[in-house]
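*Asks:* If you read the protein sequences in the order shown, they are chains V and X.
Here the numbering used here = 1-based position in the first sequence + 64.
Here the numbering used here = 1-based position in the second sequence + 25.
By construction, these hints were calculated from the structure, which means they are not laboratory data.
Please note: incorrect hints may appear among the correct ones.
[To be verified] Derived pair list, reagent style DMTMM-like, types lysine to aspartate or glutamate, alpha-carbon separation capped at 20 angstroms:
hint, chain 1, residue 1, chain 2, residue 2
1, V, K92, X, E249
2, V, K356, X, D227
3, V, K356, X, E249
4, V, K260, X, D51
The structure displayed is predicted, hence computed values, not measured ones.
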Amino acid sequence: MDALNTVAGAAPPLQASRVRSGRRVADKLLIGASTLATLIGILVLGSILAMLIIEGVKGFSPLLFTEPTPGPGSEGGGIANAILGSLVMTFLGILVATPVGVMAGTFLAEYGRNSKLADLVRFLNDILLSAPSILIGLFVYTLMVRPMGSYSGWAGAVALAIIATPVIVRTTEDMLRLVPSTLREAGAALGAPPSKVITAITWRGASAGIVTGIILALARIAGETAPLLFTALNNNSWFSPNLMGGVPNLPVMIYQFALSPYPNWQQLAWAGALLITITILALSIVARFVIKSERAR
Amino acid sequence: MGALTEQISLTRTAAPARRKPGGLGDQLFRAASYASAILVLLVLFGILASIAYGGWPAFAEFGPGFITSSAWNIGQEQYGAFVAIIGTLASALLALLIGVPLSLGIAVYLTQLCPGWARKPVSMTIELLASVPSIIYGMWGLFIFAPLFARFVQVPVSNLVEGMPIVGTLFYARVPSGVGILTAGIILAIMIVPFVASITRDMLDQIPTVLRESAYGIGCTTWEVVRHVLVPQASVSIIGAIMLGLGRALGETMAVTFVIGNANRLSASVFDPGSTIASRIANEFNEADGLQLNSLMALGCILFVITFVVLIVARLLVRRVKVA
Numbered sequence: 065m066d067a068l069n070t071v072a073g074a075a076p077p078l079q080a081s082r083v084r085s086g087r088r089v090a091d092k093l094l095i096g097a098s099t100l101a102t103l104i105g106i107l108v109l110g111s112i113l114a115m116l117i118i119e120g121v122k123g124f125s126p127l128l129f130t131e132p133t134p135g136p137g138s139e140g141g142g143i144a145n146a147i148l149g150s151l152v153m154t155f156l157g158i159l160v161a162t163p164v165g166v167m168a169g170t171f172l173a174e175y176g177r178n179s180k181l182a183d184l185v186r187f188l189n190d191i192l193l194s195a196p197s198i199l200i201g202l203f204v205y206t207l208m209v210r211p212m213g214s215y216s217g218w219a220g221a222v223a224l225a226i227i228a229t230p231v232i233v234r235t236t237e238d239m240l241r242l243v244p245s246t247l248r249e250a251g252a253a254l255g256a257p258p259s260k261v262i263t264a265i266t267w268r269g270a271s272a273g274i275v276t277g278i279i280l281a282l283a284r285i286a287g288e289t290a291p292l293l294f295t296a297l298n299n300n301s302w303f304s305p306n307l308m309g310g311v312p313n314l315p316v317m318i319y320q321f322a323l324s325p326y327p328n329w330q331q332l333a334w335a336g337a338l339l340i341t342i343t344i345l346a347l348s349i350v351a352r353f354v355i356k357s358e359r360a361r
Numbered sequence: 026m027g028a029l030t031e032q033i034s035l036t037r038t039a040a041p042a043r044r045k046p047g048g049l050g051d052q053l054f055r056a057a058s059y060a061s062a063i064l065v066l067l068v069l070f071g072i073l074a075s076i077a078y079g080g081w082p083a084f085a086e087f088g089p090g091f092i093t094s095s096a097w098n099i100g101q102e103q104y105g106a107f108v109a110i111i112g113t114l115a116s117a118l119l120a121l122l123i124g125v126p127l128s129l130g131i132a133v134y135l136t137q138l139c140p141g142w143a144r145k146p147v148s149m150t151i152e153l154l155a156s157v158p159s160i161i162y163g164m165w166g167l168f169i170f171a172p173l174f175a176r177f178v179q180v181p182v183s184n185l186v187e188g189m190p191i192v193g194t195l196f197y198a199r200v201p202s203g204v205g206i207l208t209a210g211i212i213l214a215i216m217i218v219p220f221v222a223s224i225t226r227d228m229l230d231q232i233p234t235v236l237r238e239s240a241y242g243i244g245c246t247t248w249e250v251v252r253h254v255l256v257p258q259a260s261v262s263i264i265g266a267i268m269l270g271l272g273r274a275l276g277e278t279m280a281v282t283f284v285i286g287n288a289n290r291l292s293a294s295v296f297d298p299g300s301t302i303a304s305r306i307a308n309e310f311n312e313a314d315g316l317q318l319n320s321l322m323a324l325g326c327i328l329f330v331i332t333f334v335v336l337i338v339a340r341l342l343v344r345r346v347k348v349a
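One chain only, chain V, in its complex shape (with noise of 0.2 angstroms):
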């Protein structure tokens, strides 16, 4: 296929007498225009990278992990504080979008199958997938912001965790829908009731892809900025243990000091944002080789 490719894309030498001119330019224009479209994806990214490393890299320091966010116009600081509120909320996040995604998935794989009920859950899952994550926000901010009285974690949390189950619910019916179905019956067959048969057996076989839709879904939001500016919004301290009031946060402190007159804040947006893209992109780059692996298989 590949090869075919290369011969097809190598344009065959066409001879000149036998061509209209008018089609060898528009054949001309066509391989030059994609190539460039290409060449300006690959240099936006680039270009992006590059920023952040020599913009970050300059405000990396051990004090960067251990001190928190300054206030308004003190000196130094680091980004300890929001790191750590990063990860408490978005594994709190995880924690309540991997049982539910996984289950939704089973059902939609295993249970539901072709029934109604599962097209509709599927069809709405894919738009949920796609959903603007602002008004996750907002439903979040109505549900629990607002009843509560206070921004909180929780808040925060729950609002990650409706962003990321959509993904998990995808890769795992994939995953699961890619087990031959030979095995179900097999064990079916030695009399295992269905649940069993899900756990011990689909579940077993589809491991790896399952883990790859959770990692997918946690690149997804770790960098999501407009959900939390309504729930957790961002604090320059040390957040209580109980979650409550704003929880400091990498992409609210990113967002906010990015766009602060202190030139010490701008550093920390810098170095918050190169520690939050590099950690994406690996993420999304381990997870794309354990699925290719799968599928391979």
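The hints should help you fit chain X onto chain V, whose structure is shown.
*Replies:* Below, chain X alone, put in the same frame as chain V:
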């Protein structure tokens, strides 16, 4: 005869029920799986219900005039959605105008022109553009792209078109600061490229190789193969992919907030600052209360309706799309 049927049905009920495999645990597992699926449904309806509930006072206060009014005056408590709606649609439309040709070019390059060894790394680079958080795009747009854009596009173009009819208004920057509707459109275009390009690439890959080979076999050039063989085959899915990109562009928040300039102004020039529904909510929500908060919720409601219509159409056209 009647008695006989009765007897049979009686025996049926009396017969020992076939033992269901598994006990309580099995039932619970099934119920949990069912409940999780229902929960996904409920969340979507919950989002709609909560935003509609929050925005209701604004709709009740201003009526249908909320959509057509371009006022946004916090002091006088006068709110209208028109500027934000136009800003949302304009930036998303610009994103499509720029992003779709880019995406199609990338898809054609990857499926037709790219040498075999480079295919995987190039594909992966393009797909990684989708993983970059939107706030990072915002920073890149504001700190790297906007200054370059102001210097090399806005200033020369403004000088060139000044005084000309139509183009003179459309492409004239009163304050060439680099931010504005077009900048937002360009950043959004880059953000939708990975989605549209990877779906289109997958669709082009699914077209039987025989079709392509036979077209090349009768002496078609790459352009002719793409134009007359590949595009007609994949057109429905490509339109679906574009709609999916549109859905993303309409609701994108952080990147747009950084680069659109956040002005409640209706301007004929694409170089002028404006605002979108999402950027306005992100900007004002934390300081808002009372009717302003309700109006922001009502804006969210309008965004919900617009994006969900677009996404539903997209999903109907592209049946299933890969997550990764």
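*Asks:* Is it true that the CA of K92 (chain V) sits at most 20 angstroms from the CA of E249 (chain X)?
*Replies:* Answer holds: K92 (chain V) to E249 (chain X) is near 11 angstroms, not above 20 angstroms.
*Asks:* Between the alpha carbons of K356 (chain V) and E249 (chain X), is the straight-line distance 20 angstroms or under?
*Replies:* The given pair, whose Cα atoms are some 33 angstroms apart, is violated under the 20 angstroms limit.
*Asks:* Holds or violated: K356 (chain V) and D227 (chain X), Cα atoms, limit 20 angstroms.
*Replies:* holds, 15 angstroms
*Asks:* Is the straight-line distance between the alpha-carbon of K260 (chain V) and that of D51 (chain X) 20 angstroms or less?
*Replies:* Roughly 8 angstroms between the alpha carbons, so the hint for K260 (chain V) and D51 (chain X) holds.
Consistency with the previously given hints fails for number 3 only.
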